[in-house]
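A.B. asks: The lines below spell out each chain.
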Amino acid sequence: MAAKKKEEINLTDNMQVVNEDTEKKVRIRSKLTSYNRWGYAFVVPFVVVFCVFSIYPVLRTLYLSFTQYKGFGTPKWLGLDNYIRVLTDKIFWQSFGNTWKIWGINIVLQLGLAFLLTIIFSDIKYKVKGLSIFRAVFYLPNIIAATSVALLFQALMDKNYGSFNKIIYDASIKLNKTFSFIPRYKMVDWLGDKNTAFLIIAIVAAWMWFGNSFIMLMASVQGIPTDYFEAAAIDGANRWKVFGKITLPLIKPILLYVAITSLIGGLQMFDLPYLMVRPGNQAYSSIRTAMMYLYSFGFGNNRQMGYASAVAYILFLIIFAFSVAQFFLFNRKEDK
Amino acid sequence: MGKKVGRFFLYLFLIFLAVICVIPFAMMIVNATRSGAQIMSGFTLIPGTSAKENWDLVFDYFNLFIGMRNSLIVAIPATILTAYFSAITAYALAIYKFHGRNIIFYVIVIFMMIPGQLSLIGFYNLCFKLGMINTYWPLIIPAIASPGTVFFLRQYVLSILSPSLLEAARIDGASEVRIFHRIVLPIMAPGIATMSIGAFIGNWNSYLVPLLILTSPPEKFTLPVMIASLNSSQDIAANQGAKYMAVAISIVPIIIAFCFFSRYIISSITAGSVKE
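Listed in order, the protein sequences are those of chains D and X.
Note that the numbering used here has the first sequence beginning at 1, numbered continuously upward.
Note that the numbering used here has the second sequence beginning at 1001, numbered continuously upward.
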């Protein structure tokens, strides 16, 4: 760098003999080509921090996944033992299944609602108003920390104290007085029952995220040029045709984006189930997600960080495979 | 006629959905003012009289305002670092032609798709070796490298900044550092602000990483970690009113902020996604 600068000075020194006009041109040109060097200086902080806090940890996790490691001391090389242990552990597969179950219900509700709302707000016949207000209200649950949401619903869905049960119970008593054939409500332990706990978590997750998905889908609908709709109206297309032939194909990329980001996020689900159902609860094994499984080995009482690292990599490979599959599935449909 | 009826039901559905979004928070606020016994006896929308007792019970256990302060100590510097360094990195990647810039860009795109769990153990292990456990550094410094923000701002720079402006500044003799700070940064401001909102919310709500890094003392906990650890308090578990109060203290400020800034917050969601 220093050598080049000297050259530049020499160059300008020589120029003094030549007329002023050429001198100016040369100086400008040398400046224009040398400024690119600043690119290195500008990206250095990012690159350094990125290497230390992002790339190194990912590689370190990879290395640890082949070792036995308690969190301190020297890791002991194990080869593929951890991976074999993960893949043959029933509890891993149960946790993995739980994650899919919760995510599956959640995504159907979340995308289903978001999609329905997009249809409603983009309908050419009804022209529903108040988008900005509804959008804000639907998004509200998403801005609250998952920890607070988890504790709130833990309290609301409690068997004996929870307001949810109280409201149903009071209503059933009233109905029972007038219509005796309606039975009195028996308190359900929503978060303590294997058959309901995962459902509640999935519904709460959908409650938190449907507004976000709706905003994404709606933004892409609003990005569609209005002449498309006008042209369709002139051609006499009905609203379902407009939706199916114009809106749907054009929002497909965003739909894919929402589905993949939701998959990546959903398969790492931790805060909600971890806080809503505590260990010792009857339903615990039915809502333990893969991330909770990883956490219990990596950061629990008896730390097995090597094993937890192998769990992380197996989960990553599975998520990666599904993201790719999802991508191709969507693209194939588009070809038709 | 049919159109009117249809529209009526559509609005009814939308209002129903809006109520579902809001009602848990309303129930939370009402229950926060009622005693455990009142909550046990049934639900009403009429506030109770035990707000003070619930408040005292929560603060006997934890000072939640310290949690808020800690969250701010983490979230504000982290957001500023993300904003500034993402902007300068994005600008360099978009404008300068230097060796390795494509590699950096591809690595950024790859890391956007990599789930955080993959680095979690290695990250914790690194912080442990660096002696950073129970400090705020691991929650603040990594904010300098935020691939998603750089990716977005790079597209933003390419779409908004005209190269002739930079050339004019160079001919006038402005240094590259000066050009970035005086010309580019103000032009990028709207995009940076949008991304900063998302970064701040993410930092403020973050739970898993602070949970791992901050183990003791509780005075160091960020708000989500503090709120979550209320679960283990017997006193608070026994009095549901106090639990609602604690959750309400963590939520109400956010709801108030959302009422004022919802427009900007919502635009920040769509900005981060893929756009043509």
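Hints are not guaranteed to be accurate.
For lysine-lysine, the following DSS-like pairs were computed, each having C-alpha atoms within a straight-line distance of at most 25 Å [claimed, not checked]:
(1) X:K1003 x D:K129
(2) D:K127 x X:K1129
(3) X:K1052 x D:K70
(4) X:K1004 x D:K241
Label-pair ranges, simulated between beta-carbon atoms [said to hold, decoys possible]:
(5) D:G280 x X:I1160: 51 to 57 Å
(6) D:A171 x X:F1059: 32 to 38 Å
(7) D:K90 x X:I1256: 43 to 49 Å
(8) D:V47 x X:P1077: 17 to 23 Å
(9) D:P45 x X:E1219: 30 to 36 Å
(10) D:T226 x X:S1162: 26 to 32 Å
(11) X:F1261 x D:N160: 36 to 42 Å
(12) X:I1160 x D:V47: 51 to 57 Å
None of these hints come from the bench; they were simulated from the model.
All residues carry an ideal CB built from backbone N, CA and C; glycine is no exception.
A.B. asks: If a hint holds in the structure, say so; if it does not, say that too.
C.D. replies: Structure-based check of all given hints:
{"no.": "1", "hint": "X:K1003 x D:K129", "verdict": "15 Å, holds"}
{"no.": "2", "hint": "D:K127 x X:K1129", "verdict": "60 Å, violated"}
{"no.": "3", "hint": "X:K1052 x D:K70", "verdict": "46 Å, violated"}
{"no.": "4", "hint": "X:K1004 x D:K241", "verdict": "22 Å, holds"}
{"no.": "5", "hint": "D:G280 x X:I1160: 51 to 57 Å", "verdict": "55 Å, holds"}
{"no.": "6", "hint": "D:A171 x X:F1059: 32 to 38 Å", "verdict": "36 Å, holds"}
{"no.": "7", "hint": "D:K90 x X:I1256: 43 to 49 Å", "verdict": "48 Å, holds"}
{"no.": "8", "hint": "D:V47 x X:P1077: 17 to 23 Å", "verdict": "20 Å, holds"}
{"no.": "9", "hint": "D:P45 x X:E1219: 30 to 36 Å", "verdict": "31 Å, holds"}
{"no.": "10", "hint": "D:T226 x X:S1162: 26 to 32 Å", "verdict": "28 Å, holds"}
{"no.": "11", "hint": "X:F1261 x D:N160: 36 to 42 Å", "verdict": "39 Å, holds"}
{"no.": "12", "hint": "X:I1160 x D:V47: 51 to 57 Å", "verdict": "24 Å, violated"}
The structure is inconsistent with the numbered hints 2, 3 and 12, although it conforms to all the rest.
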